[in-house]
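Novice: So you can see what is in the structure, the chains are spelled out below.
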Amino acid sequence: MIKKVLVANRGEIAVRIIKACQEMNIKTVAIYSDVDKNAPHVQLADETCSLGDPTPIESYLNIPKIIKFAQETGADAIHPGYGFLAENPDFAKTCNDVGIKFIGPSPKVISLMGDKIAAKKTMEKAGVPVIPGYHGDKQDNKSLVKEGKKIGFPLLVKAAAGGGGKGMRIVHSKETLEESIESAKRESKSSFGNDTVFLEKYIDKPRHIEFQILADEHGNIIHLFERECSIQRRHQKIVEETPSPVMTKELRKKMGIAAVKTAEAVGYTNAGTVEFMVDGDLNFYFMEMNTRLQVEHPITEMTTGIDLAKWQLKIASGQKLTLKQKDLIQRGHAIECRIYAEDPSNGFLPSVGKLSKVETPTGPNIRDDTGIYTGMEITPYYDPMLSKLVVSSENREESINKMIWALSRYVVLGVATNVSFLKKVLGHGEFKKGNITTHFIDDYFKDWATSEKSLSVDAIISLAVYDSMHTKKQEIVRYKEADPHSPWKHVGRWRVGGKGV
Amino acid sequence: MIKKVLVANRGEIAVRIIKACQEMNIKTVAIYSDVDKNAPHVQLADETCSLGDPTPIESYLNIPKIIKFAQETGADAIHPGYGFLAENPDFAKTCNDVGIKFIGPSPKVISLMGDKIAAKKTMEKAGVPVIPGYHGDKQDNKSLVKEGKKIGFPLLVKAAAGGGGKGMRIVHSKETLEESIESAKRESKSSFGNDTVFLEKYIDKPRHIEFQILADEHGNIIHLFERECSIQRRHQKIVEETPSPVMTKELRKKMGIAAVKTAEAVGYTNAGTVEFMVDGDLNFYFMEMNTRLQVEHPITEMTTGIDLAKWQLKIASGQKLTLKQKDLIQRGHAIECRIYAEDPSNGFLPSVGKLSKVETPTGPNIRDDTGIYTGMEITPYYDPMLSKLVVSSENREESINKMIWALSRYVVLGVATNVSFLKKVLGHGEFKKGNITTHFIDDYFKDWATSEKSLSVDAIISLAVYDSMHTKKQEIVRYKEADPHSPWKHVGRWRVGGKGV
Amino acid sequence: MFINYEHENNVYNVTIERRENKYFVTYDNTEYRVEAEEIKPGQLKIKIGDRIIKSIITEGDKEKYVFVDGAVFKVKPVELTGKKRTKKKEEGDLSSPISGKVVSVKIKKGDTVKKGDILMVIEAMKMEYLIRAPYDGKIDKVNFKEKDQIEIGQNTVEVTKT
Amino acid sequence: MFINYEHENNVYNVTIERRENKYFVTYDNTEYRVEAEEIKPGQLKIKIGDRIIKSIITEGDKEKYVFVDGAVFKVKPVELTGKKRTKKKEEGDLSSPISGKVVSVKIKKGDTVKKGDILMVIEAMKMEYLIRAPYDGKIDKVNFKEKDQIEIGQNTVEVTKT
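Quick note, the sequences are listed as chains A, W, G and R, same order.
Just so we're aligned: 36 in my numbering is position 36 of the first sequence, and the numbers increase by one with no gaps anywhere.
Start counting at 1 in the second sequence, then tack on 1000, and there's your number in my numbering.
Start counting at 1 in the third sequence, then tack on 2000, and there's your number in my numbering.
Start counting at 1 in the fourth sequence, then tack on 3000, and there's your number in my numbering.
Note that these hints are calculated values from the structure, not bench results.
Backbone N, C-alpha and C define an ideal beta-carbon position, used for all residues, glycine too.
You can take every hint at face value.
List time: in silico BS3-like cross-link candidates among lysine-lysine, alpha-carbon distance up to 25 angstroms: (1) A:3 - W:1424; (2) A:453 - G:2076; (3) W:1433 - A:320; (4) A:354 - G:2054; (5) A:121 - A:189; (6) W:1121 - W:1138; (7) W:1357 - R:3074; (8) W:1357 - A:37; (9) A:27 - W:1432; (10) W:1354 - R:3074.
Here are the in silico distance ranges between beta carbons for each label pair: (11) G:2158 - A:428: 36 to 44 angstroms; (12) A:318 - G:2008: 53 to 61 angstroms; (13) A:127 - W:1003: 55 to 63 angstroms; (14) R:3028 - W:1234: 35 to 43 angstroms; (15) G:2158 - A:64: 42 to 50 angstroms; (16) A:150 - G:2008: 42 to 50 angstroms; (17) R:3115 - W:1234: 17 to 25 angstroms; (18) R:3092 - W:1150: 35 to 43 angstroms.
Non-contacting residues of chain W with respect to chain A, defined by C-beta distances greater than 10 angstroms in every case (computed): (19) 1124; (20) 1143; (21) 1189; (22) 1275.
Please construct the entire structure, taking both the sequences and the accompanying hints into account.
Specialist: In structure tokens, the structure reads:
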């Protein structure tokens, strides 16, 4: 068994992995940049190493520094989490080269799946259906524009190395094709250090449905059913659920087999996710495989009872998968909402600042995977995801109600968040009916403005009472001493005024 | 559907019920005594009613007051939780009489099951095995002593109206029989207002295994498998788990059928628990039926995925049980630890005081049903249970590890608690092997003293650093100004001294 | 005590008087008599008639946040001058939508640009934000260069309409 | 700074000196050089060599609680007089084990009692606690009557051994 794991990540996923290790009596090493000095993952770990400069490339993306820390602390394995170095084959290879177990698939598999073009070609050969498109080597703008016109519009420009919507552009007409290709290349270069893109047919009314895979190092592969991830903004998932409201027993079986075939075709090991696009007629197409633990893995854990993070550690330790496909049970219904520091009424722009208050709901089957705390500074250095609120219950309707209950009691003050927005999404009639596609947000929330356009009476009363309680008599400065009924007073740092009654 | 529920309880169970109601869009009314003014159940409810005087009989046991509040707030149902009025047939009857739905079985059933003697006689007739004993009407000391001698020693004296170990005495020889009968009667009188007792054979190496029942008002009854509740101190459960380590598929089936038969025999409705004693040869005997939601219900919820509190509300609203016995799945393994304000190294004596700090562990499949908060005053008025820590995972070994992890991070300062003790119980070799009986605590922890007999070096360093940080220079008073190296100084409220170095 | 709160560019005039444990709050010609208690710092329990509300308030240098009935409100103080600031984006407003780093500047002073042309690219939290020309025009001033740190609301480029 | 802590009737002599951000703690002839930070009120992060410990400390009037490495310690200050209080129960100690209410008094002054006889019944948190005669003897004094409130540690009954 692995004895000590360095967790090469931050935030909620670092916390999640450290807890899994500690329950298995595996020692943990946290790494942290200067702005994360007091972060929960640092508080929790057995040992900690300071990365210094918070710039990603100097900290959580700094391969030599991280490898050095692993060696110094005697870690025999590294868990990359998701994002950062999780799908970087050079990192996985460097780990292997210095004799540290990388918790994930082999560098070769990461490399293959990281190249979206090569991955599609491999899957086409293996008999897994893929979306029509151009996955060629000609990467000059002229050739790409020509190929794009052949596929027709709308089409997608996607970074070969991309993920999470970064380096992705929808193009509706030939006029904006070249500009979009350039922009996608630039973003991909900056995010992944690689500007190869590919083009593919844009499918109407698409659903994004993915299958969770576990594969051991002895050739055993199972899938843990689907996750419906169609609710996205900026091509990034914000609400995930399982089972999918559109799934049938037959389709689940077919897609499950395709997912296992995908993993088999490349000799996949450890946890992974096969992403499919499903069209209005329930045809499905392989999109890509994520060679890591997924953000939304908790909903699978809640419905199957399987601990994916622990199985990653067991598999990396060489253990055999004792779970059999036929014994797996998908029970009840689970939903995850990603809580972001962003303003949904202003194009989902990230919001930075100090969290003046964090208070989260608790209750049966409510799981909050979080990396935040009261007093934490949200900086522009990293992804603005604050936490993942996950619920499960006997059926979809009860899970939606539970999630709305929990969101209504999720207190994060100090930055703009998407909490109210998520509540509106969950409460939307079409969502309740399960009529969702990846266009859901655009279709129903295009010009959504915060529902809190005006101060409620309860808010006004609360503020006034609070200010009355916290205003010392000597702080009330009369501006016109001659008139004792003057409305102009000064409350603390807050200037006050108003008409007399 | 019920529209508004008054929750006639306090603490974690009131919180649990209010949350269930709110998820179902049922309005809630909390009641509270003066000492519970700021308790979580009061914070959470939609409406609140003040009971005043904290004495139980004046507050949470005050039937007229509670009925009046229900009528005033327009509640159409009352949930009694457990303890207090949960198994008081007069209360259930009063509710019915004024047209308020009592969430539980009928007064007649409560009355029958509350009379342990009548209950046993009924079950004997229905063909459910019971323990040999005296359940007769002759309640004078002389007759009881005579009957006791007939049964033989050891035997149990039990309050007919009792529960939770109150009014129960083990008698090992005829010398202490009469004294024990008197004491049991006195305690029963004070706790339940009734001093009828019965006697029964004391079974060696007994396990306490109970079955959860759900019965609707249309004649449908299911069981939700067993809970192993053998780990008890003072005859009160402190650790519960499911499945039981001793359970076999065949025994589960047999006991499940007996449990359903028990419920059927009395026309049981709503949630209930049939308690059995299981001896070393896996013979089982009906002990009693608890006509309410049980403290340890969460472990059943975690392994079956069923929300028992919500089903109580659905059944009370007249809904049919849509769950079928054959569809119920017992999956994984769950453990509950009851966190008490008590000192295990001093006879489990309750501890009162102000909670100077409460910080609880969170993580996947960790559920903390709690009614406490930092700053709360623990008073001698009510039961000293602070919270219920519940975990689940794929198997028993992982659940034990998870529970130990969680207990190690459960911070409650300001009163003595049983947290360290629970950790020792879970870590005990015989517990790990599943070799448990109701004598487990007596057998292995008879003279247990706190494992923290001496201050650890980490504690000493922490204290010294803390005191150094919080001591302002002007607070350090030199007692012998003449000698600058004098060891005698005064730190804040804390007097300090020591040898010079 | 008279207090003005600014929320989403609207100003709310509120009066509150305290008499013993009761507060009298007047807003929009309605008086609310409430009882209130601060249970924990910033956490209020307020009784308005038969209703009890719980709110959480935090205070920053420039704003207060209120959490009540599941909703969050951010309010600002109103300056004594009475001059109400309006922050609505004007057509030609090229202030940065985000705090981040300038990764690319596409134009220089004196350039002529067409509506929709990309003028500057700002990166924050691993995402790109494009500043585009709001109309055909001429560049008057470029306030940032590549790799500069830029704060939300700072003006990026000044363009004269042509 | 020199501090004495009392824990479970043992006294610990500790010295601590602060130089800039380092603390030098001496206990039992060993010096520990540590770095420390108070992250939240009462929550410390302490670096002892390569090891990091986190502890939570709360302060009452009469005691401090420390939570560290999953264990809780309750410590008391040591009085300057140097007189160490020992709280061990003596054979004849009949102090109340619990704060609660006296529900029944079985004896009166002058009664003779046998070892094991019940002298008083105290109820707290719905449980009964029996005060029994520690030896054969004679009742000298009964400090409480029925329905009296009694605090933990208060002497219930005084008995002379016979």
